[in-house]
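2 protein chains.
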Amino acid sequence: MKKYLLTPGPTPVPERVLLASAQPIIHHRTREYGQALSDDIEGLKYVFQTKNDIFIFTASGTGAMEACVVNLLSPEDKVLVVNTGAFGRRWVNIIESFGIKPVVIEYPWGKAAKQHDVEKKLKEIPEIKAIFTQSTETSTGVVNDIESIGKIVAKTDAVFVVDAVSGLGAQELRTDEWDVDVVVSGSQKGLMLPPGLSFVSVSQKAWKLVENSKLPKYYWDFKAYKKSLQEGETPYTSAVSLVLGLQESLSMIKEEGLEKTLKRHAILASATRAGVKAMGLELFAEVPCNVVTAIKVPEGLDGSRLVRMMLEEHGVGIADGQREYKGKIFRIAHLGYMDTFDVIIALSALEIALTKLGYKVEAGKGVAAAEKEFLKS
Amino acid sequence: MKKYLLTPGPTPVPERVLLASAQPIIHHRTREYGQALSDDIEGLKYVFQTKNDIFIFTASGTGAMEACVVNLLSPEDKVLVVNTGAFGRRWVNIIESFGIKPVVIEYPWGKAAKQHDVEKKLKEIPEIKAIFTQSTETSTGVVNDIESIGKIVAKTDAVFVVDAVSGLGAQELRTDEWDVDVVVSGSQKGLMLPPGLSFVSVSQKAWKLVENSKLPKYYWDFKAYKKSLQEGETPYTSAVSLVLGLQESLSMIKEEGLEKTLKRHAILASATRAGVKAMGLELFAEVPCNVVTAIKVPEGLDGSRLVRMMLEEHGVGIADGQREYKGKIFRIAHLGYMDTFDVIIALSALEIALTKLGYKVEAGKGVAAAEKEFLKS
Numbered sequence: 002m003k004k005y006l007l008t009p010g011p012t013p014v015p016e017r018v019l020l021a022s023a024q025p026i027i028h029h030r031t032r033e034y035g036q037a038l039s040d041d042i043e044g045l046k047y048v049f050q051t052k053n054d055i056f057i058f059t060a061s062g063t064g065a066m067e068a069c070v071v072n073l074l075s076p077e078d079k080v081l082v083v084n085t086g087a088f089g090r091r092w093v094n095i096i097e098s099f100g101i102k103p104v105v106i107e108y109p110w111g112k113a114a115k116q117h118d119v120e121k122k123l124k125e126i127p128e129i130k131a132i133f134t135q136s137t138e139t140s141t142g143v144v145n146d147i148e149s150i151g152k153i154v155a156k157t158d159a160v161f162v163v164d165a166v167s168g169l170g171a172q173e174l175r176t177d178e179w180d181v182d183v184v185v186s187g188s189q190k191g192l193m194l195p196p197g198l199s200f201v202s203v204s205q206k207a208w209k210l211v212e213n214s215k216l217p218k219y220y221w222d223f224k225a226y227k228k229s230l231q232e233g234e235t236p237y238t239s240a241v242s243l244v245l246g247l248q249e250s251l252s253m254i255k256e257e258g259l260e261k262t263l264k265r266h267a268i269l270a271s272a273t274r275a276g277v278k279a280m281g282l283e284l285f286a287e288v289p290c291n292v293v294t295a296i297k298v299p300e301g302l303d304g305s306r307l308v309r310m311m312l313e314e315h316g317v318g319i320a321d322g323q324r325e326y327k328g329k330i331f332r333i334a335h336l337g338y339m340d341t342f343d344v345i346i347a348l349s350a351l352e353i354a355l356t357k358l359g360y361k362v363e364a365g366k367g368v369a370a371a372e373k374e375f376l377k378s
Numbered sequence: 002m003k004k005y006l007l008t009p010g011p012t013p014v015p016e017r018v019l020l021a022s023a024q025p026i027i028h029h030r031t032r033e034y035g036q037a038l039s040d041d042i043e044g045l046k047y048v049f050q051t052k053n054d055i056f057i058f059t060a061s062g063t064g065a066m067e068a069c070v071v072n073l074l075s076p077e078d079k080v081l082v083v084n085t086g087a088f089g090r091r092w093v094n095i096i097e098s099f100g101i102k103p104v105v106i107e108y109p110w111g112k113a114a115k116q117h118d119v120e121k122k123l124k125e126i127p128e129i130k131a132i133f134t135q136s137t138e139t140s141t142g143v144v145n146d147i148e149s150i151g152k153i154v155a156k157t158d159a160v161f162v163v164d165a166v167s168g169l170g171a172q173e174l175r176t177d178e179w180d181v182d183v184v185v186s187g188s189q190k191g192l193m194l195p196p197g198l199s200f201v202s203v204s205q206k207a208w209k210l211v212e213n214s215k216l217p218k219y220y221w222d223f224k225a226y227k228k229s230l231q232e233g234e235t236p237y238t239s240a241v242s243l244v245l246g247l248q249e250s251l252s253m254i255k256e257e258g259l260e261k262t263l264k265r266h267a268i269l270a271s272a273t274r275a276g277v278k279a280m281g282l283e284l285f286a287e288v289p290c291n292v293v294t295a296i297k298v299p300e301g302l303d304g305s306r307l308v309r310m311m312l313e314e315h316g317v318g319i320a321d322g323q324r325e326y327k328g329k330i331f332r333i334a335h336l337g338y339m340d341t342f343d344v345i346i347a348l349s350a351l352e353i354a355l356t357k358l359g360y361k362v363e364a365g366k367g368v369a370a371a372e373k374e375f376l377k378s
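Sequence order for the protein chains is W and P. Counting in the numbering used here, the first sequence runs from 2 upward without gaps. Counting in the numbering used here, the second sequence runs from 2 upward without gaps.
Be aware that a few hints might be false.
Copies of the same chain are indistinguishable here, so a pair counts whether it falls within one copy or spans any two.
[What the hints assert, rightly or not] Heads up, simulated BS3-like pairs for lysine-lysine below, C-alpha to C-alpha not over 27 angstroms straight-line:
#, residue 1, residue 2
1, Lys228, Lys329
2, Lys327, Lys224
3, Lys329, Lys377
4, Lys46, Lys377
5, Lys79, Lys329
Simulated from the structure, these hints should not be mistaken for lab results.
With the hints as constraints, model all of the structure from the sequences given.
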C-alpha cells in the first residue's frame, strides 16, 4: 500500500534532502563541514528572520527546549509559562525538573493565549525573568499571537522564549521584528528533515540572562556552542548527515522564497479547514494555525479508530489527539514538504474512512470545498 | 579526488546503511517504528553483551555521558574518574558542571589505567558511589583493562560506568561478564552509522543509584525512557532515519558475528601497528587499542601538516592529536566499516606523505609489514 505521511512531525522528507543526507559521511572537524554548518546557520537566520546567534543541537526539539531553560535561568528565578496545550505543559515540566516553580497562565486546550492576560501577569509579578510559550501549539492546532505578546514583553526586562518547533517555516514568526528573544525549532517539521537536529536563536537581551544563569549544564551550554561556532565547529560531534541534509532543505526554502513558503502553508491550511467544514466537521482550535488542523471527532465516533483506519487501510498517516484528547480530536498536518494534493489526499481519505465508520458525508464534498479554496488563491 | 575516511568517528557508513537511512521517513508513534526500536535494542544488547536495559538517545556520545551523570548522581556524592585522556577529562568536566568535585586518578596521556590504583582509591574512600572511565580512550589510542577494574568495583557498592563510545563493537567489552554497570556508546564508530544517536546500558545495581539520584534532569531521564520503551516508543521524537539505519548496521554485525567483528578489528590494528613500526615510527599508547592507532610524529616534523597533507593532497582523512598533543601525535582509525585494504591505504598514503615531508621511509615497507601480518591471520 502506498503511504502518505500527513502528521505534524516528522513530516515527509523531500527526495533531494534524503539523497543529500545519504552522501558518504564527512568528518566534523574539516573545512567542508565548517562550510555546511555556516551555510546552515545562514539559512536558518533567513527562516528565523533574525540576526541573532543561532545554535544547532544534535537532539530533538525537547532537548533544545531544555537548553533554553538551563541556559537562561537560575534556581530562584520567577518565570511565566503561557500554556495552551501539551507543549506548553512541556515547558512547565522541564522548568519544574530544574527546581523552579513557574507561574502558569493555563488556557483550556483549543484556546489561544491572550495578550491581556500576559500583560496583567507581568504587572502583577514584575520580577518575572522569562516568558515561555508556543507559536503553534501542535497538540491543539492553535496559533498564539506572538507579535502582540512580544510587544508587551519588550517593554519589560523579561526575555521572551517561543517554541516554534512545529511552526518555523510554516507559520509567520518574525523573530527580530516581533522582539522574540529566544526561538526554538526542530528539523522534522517545516524544515523538511528527519528528526535529530534542533535549533535555538538567542538575542542580546537573552545573552544577559545566559551570562548570569546558574542552572547546571554541559551538553546544552550556549557559550560552548558560540565559542565552537567561531571556529566553524560544534563542541561535540554533530549529526553530520542531517547537517548536510539541512543545507539542501534550506536551499529549497530559499528557492521558493520564505514569503511564498508561508503563503503556501496558509493556503493549504485554509483549504483543509474548508474541506472538513464542508463535511460537517468542527474545528477544534479557537485560532487555527497554518501547520496542522485539529478537528473534533463527531459524536459517537471513536477518533482513535478513525486515525488507525486511515493509516492501516488507506496508508494515510494523520495524528490522533494527545492526552485527554486522544480519540476526541484528530489532526491533519499541512506542514513542510506538502502541497495541494496532499490536502486532497487527506480529505478524500477522511471522507472514505468516515463513511466506513457510519458517519454521513457526501463523497467528494470536502474535496470540492478545498478545490474551490485553491482556485481562489 | 577520491576520499577515504579513516578517522576514529565518524567512520564510513556502509552503503546499505546509508540507503536504509534514506528511506521515506516514518512516524515515531507507529507499530513500524516500535518494531525498529525493539530490533535496535535487541541488536544493541548483542553488541553490548548484556541483558541490562538499553536506552537510545537522540544526541551525540557526550549527551549520553551527561545522561549517566545526571541519572546516577546526587549533589553530595563522592565519585571517582579514572582519567586517561581527553575523554576522561570530559567525564571530569561534565561531573564538575553538575556541581560535584570528583576524585580523579589522572594518568599521563598514552598510559593505561592500573587496577591497583583504582583498588587503592576505593579502599581509601569507601563512600565512592560511582567510577567513571573509558574503555578505549580515543585521544591516545589506549585501551584500559575494564575486566580487571570491573572485578575490583564489583566487590564494592560502587557502580562502574564505562564510556565505550569509540570502542563498542570493535574492542572486546563484556558488559555483564565484566560487571560493567553502565556502558555508554555512540552511533558513529563501531556501529557504522552517522553521528546522532547514543546509547546507555543500565544494570540493576545502577538502577538503585538512579532511583535515589537528585541531580536535575528531563531530556536525559532514564525513567522516562524506560517507561516509553514499554510502549515501543521513545519519550521524545527520536532520530527516525538513524534508528532505521541502525537496524541495518546491527544486521551487518549479526551477519558477520560479533566474535569475528572483534577479531577483524584486532587484525586491522595489529597490521597497522606492524606497518607503522616498519616505517620506523613509534606507537604512542602504552597498551594500544584495536580501534585507533596513535603514532608519535617523528622529531622535526609537523604532525598537523602531515594530517592536512594526507587529507588535502591524497584524500585520506586521519586524525591529528588533540589538545597538547596536536601536531605531536596522529591517529589512524581501523574502526567500523573498515577492512584489510583500508589499512593498506592508510599506510601507503602515510609512506607517500612522510616522504614528501622529508622523512626517510622506504616505499612499500609499511605496507609489506602489514601484508605479512594479514597473511599470518
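Hint check results:
1. In this assembly of identical chains, Lys228 and Lys329 lie within 27 angstroms of each other by CA distance solely across copies; the values are 24 angstroms between and 47 angstroms within a copy.
2. In this homomeric assembly, Lys327 and Lys224 come within 27 angstroms of each other (Cα to Cα) only across copies, at 23 angstroms, whereas the closest approach inside a single copy is 40 angstroms.
3. For the identical chains of this complex, Lys329 and Lys377 are neighbours neither inside a copy (32 angstroms) nor across copies (68 angstroms), given an alpha-carbon limit of 27 angstroms.
4. Taking the shortest alpha-carbon separations for Lys46 and Lys377, neither the intra-copy value of 32 angstroms nor the inter-copy value of 57 angstroms comes in at or below 27 angstroms.
5. Taking the closest pair of Cα atoms, Lys79 and Lys329 never come within 27 angstroms of each other, the shortest separation being 35 angstroms inside a single copy and 50 angstroms across copies.
The structure does not agree with the numbered hints 3, 4 and 5 stated previously, though it agrees with the rest.
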